[in-house]
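S.K.: Model the full structure from these sequences, guided by the hints.
Sequence order for the protein chains is A and B.
If you're matching positions, the first sequence starts at 4 in our numbering and goes up one per residue.
If you're matching positions, the second sequence starts at 48 in our numbering and goes up one per residue.
These are calculated hints, taken from the structure and not from any lab test.
Hints are supplied without guarantee of correctness; some may be wrong.
Claimed, not checked - Examples of chain A residues toward chain B, derived with CB under 10 Å: (1) Gly-45; (2) Arg-47; (3) Asn-53; (4) Ala-55; (5) Glu-62; (6) Pro-64; (7) Tyr-67; (8) Asp-101; (9) Phe-106; (10) Phe-107.
Stated by the list, open to error - Residues from chain B that keep clear of chain A, each with C-beta distances beyond 10 Å, as calculated: (11) Pro-54; (12) Thr-70; (13) Thr-73; (14) Leu-101; (15) Phe-110; (16) Ser-112; (17) Glu-124; (18) Asp-129; (19) Ile-155.
Each residue gets a CB set at the ideal place from its N, CA and C atoms; glycine is no exception.
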Amino acid sequence: IAGITQAPTSQILAAGRRMTLRCTQDMRHNAMYWYRQDLGLGLRLIHYSNTAGTTGKGEVPDGYSVSRANTDDFPLTLASAVPSQTSVYFCASRLGGDSDEQFFGPGTRLTVL
Amino acid sequence: GQNIDQPTEMTATEGAIVQINCTYQTSGFNGLFWYQQHAGEAPTFLSYNVLDGLEEKGRFSSFLSRSKGYSYLLLKELQMKDSASYLCAAFQGSNYQLIWGAGTKLIIKP
Numbered sequence: 004i005a006g007i008t009q010a011p012t013s014q015i016l017a018a019g020r021r022m023t024l025r026c027t028q029d030m031r032h033n034a035m036y037w038y039r040q041d042l043g044l045g046l047r048l049i050h051y052s053n054t055a056g057t058t059g060k061g062e063v064p065d066g067y068s069v070s071r072a073n074t075d076d077f078p079l080t081l082a083s084a085v086p087s088q089t090s091v092y093f094c095a096s097r098l099g100g101d102s103d104e105q106f107f108g109p110g111t112r113l114t115v116l
Numbered sequence: 048g049q050n051i052d053q054p055t056e057m058t059a060t061e062g063a064i065v066q067i068n069c070t071y072q073t074s075g076f077n078g079l080f081w082y083q084q085h086a087g088e089a090p091t092f093l094s095y096n097v098l099d100g101l102e103e104k105g106r107f108s109s110f111l112s113r114s115k116g117y118s119y120l121l122l123k124e125l126q127m128k129d130s131a132s133y134l135c136a137a138f139q140g141s142n143y144q145l146i147w148g149a150g151t152k153l154i155i156k157p
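M.R.: Here it is as structure tokens:
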């Protein structure tokens, strides 16, 4: 894969439906993140995982859940989508040291109707 | 509270120099990142400053003053491809998270 991938690229979803956004990295990075990016608001952290088996809540976690069963995968689930969850979602990973930058996936554009 | 401020939009001319400022107030500050984001694409890493001073990397330089809670990104010899949003983010060593500014949209005119 060589990097970090996300699926799907874009999705239109009916309100109330369940949806899982997938994120996979092959760089053996310890930490992974989910952000949403809305116009004028910048990147906001939804959930994060500093290492496999652990997760934590970010700035805007409500309505979202994550799991980190292994190093490579970090799926984000919307249990019951609402229109306010319409956004561009970015997954990111970093090796884990203080100066390590975050690498971003290409993003998923989600529209909830 | 935690806050990062940067201008919403700036315009500059091809071949010129532009400075994008960023001020921050965060707890557990450990360093300042700059990212570039072209429209419709993911952010990509530009620079990381942990010590005070200027770090130069080709046409791009980044400056940090920890005492003033201030950073800037300096872009020289501007090219049309530099039209993008520039995001600053403060790294919190206490929880290894980034606090992001809303980004500065840079428009380059011929």
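S.K.: All hints are to be evaluated individually against the structure, with a verdict given for each.
M.R.: How the hints compare with the structure:
1. Annotation: A:Gly-45 was flagged as interfacial toward chain B, and the flag holds, the nearest CB pair being 4 Å apart, inside 10 Å.
2. About 7 Å separates the beta-carbon of A:Arg-47 from the nearest beta-carbon of chain B, less than 10 Å, and the hint is met.
3. Annotation: A:Asn-53 was flagged as interfacial toward chain B, and the flag holds, the nearest CB pair being 6 Å apart, inside 10 Å.
4. Taking 10 Å as the C-beta contact cut-off toward chain B, the hint placing A:Ala-55 at the interface is violated, the least distance being around 15 Å.
5. Checking A:Glu-62 against chain B: minimum C-beta separation of about 9 Å stays under 10 Å; hint holds.
6. For A:Pro-64, the interface hint is violated, the least distance from its beta-carbon to any beta-carbon of chain B being 13 Å, above 10 Å.
7. Using the Cβ-Cβ criterion of 10 Å, the hint placing A:Tyr-67 at the interface with chain B is not satisfied: the shortest such distance is roughly 16 Å.
8. Interface restraint check: A:Asp-101 against chain B, minimum CB-CB distance 6 Å, threshold 10 Å, status holds.
9. Nearest Cβ of chain B to the Cβ of A:Phe-106: about 8 Å, under the 10 Å cut. The hint holds.
10. A cut of 10 Å between beta carbons decides the hint on A:Phe-107: the least distance to chain B is about 4 Å, and the hint holds.
11. Every Cβ of chain A is farther than 10 Å from the Cβ of B:Pro-54; the closest lies at roughly 13 Å, confirming the non-interface assignment.
12. Non-interface status of B:Thr-70 relative to chain A is upheld: no Cβ of that chain comes within 10 Å, the nearest being about 14 Å off.
13. Here B:Thr-73 stays apart from chain A, with its beta-carbon at least about 13 Å from theirs, past the 10 Å limit.
14. The Cβ of B:Leu-101 lies farther than 10 Å from every Cβ of chain A, with a closest approach of about 17 Å, so its non-interface assignment holds.
15. Annotated as non-interface, B:Phe-110 keeps its C-beta farther than 10 Å from every C-beta of chain A; the closest such distance is 17 Å.
16. Every CB of chain A lies more than 10 Å from the CB of B:Ser-112, the least distance being 18 Å, so the non-interface label holds.
17. B:Glu-124, annotated as away from the interface, keeps every beta carbon of chain A farther than 10 Å; the closest lies near 24 Å.
18. For B:Asp-129, the shortest C-beta to C-beta distance to chain A comes to about 19 Å, beyond the 10 Å cut-off, and the non-interface label holds.
19. Distance check for B:Ile-155 against chain A: the nearest CB is about 21 Å away, which clears 10 Å, and the non-interface claim stands.
The structure is inconsistent with the numbered hints 4, 6, 7, although it conforms to all the rest.
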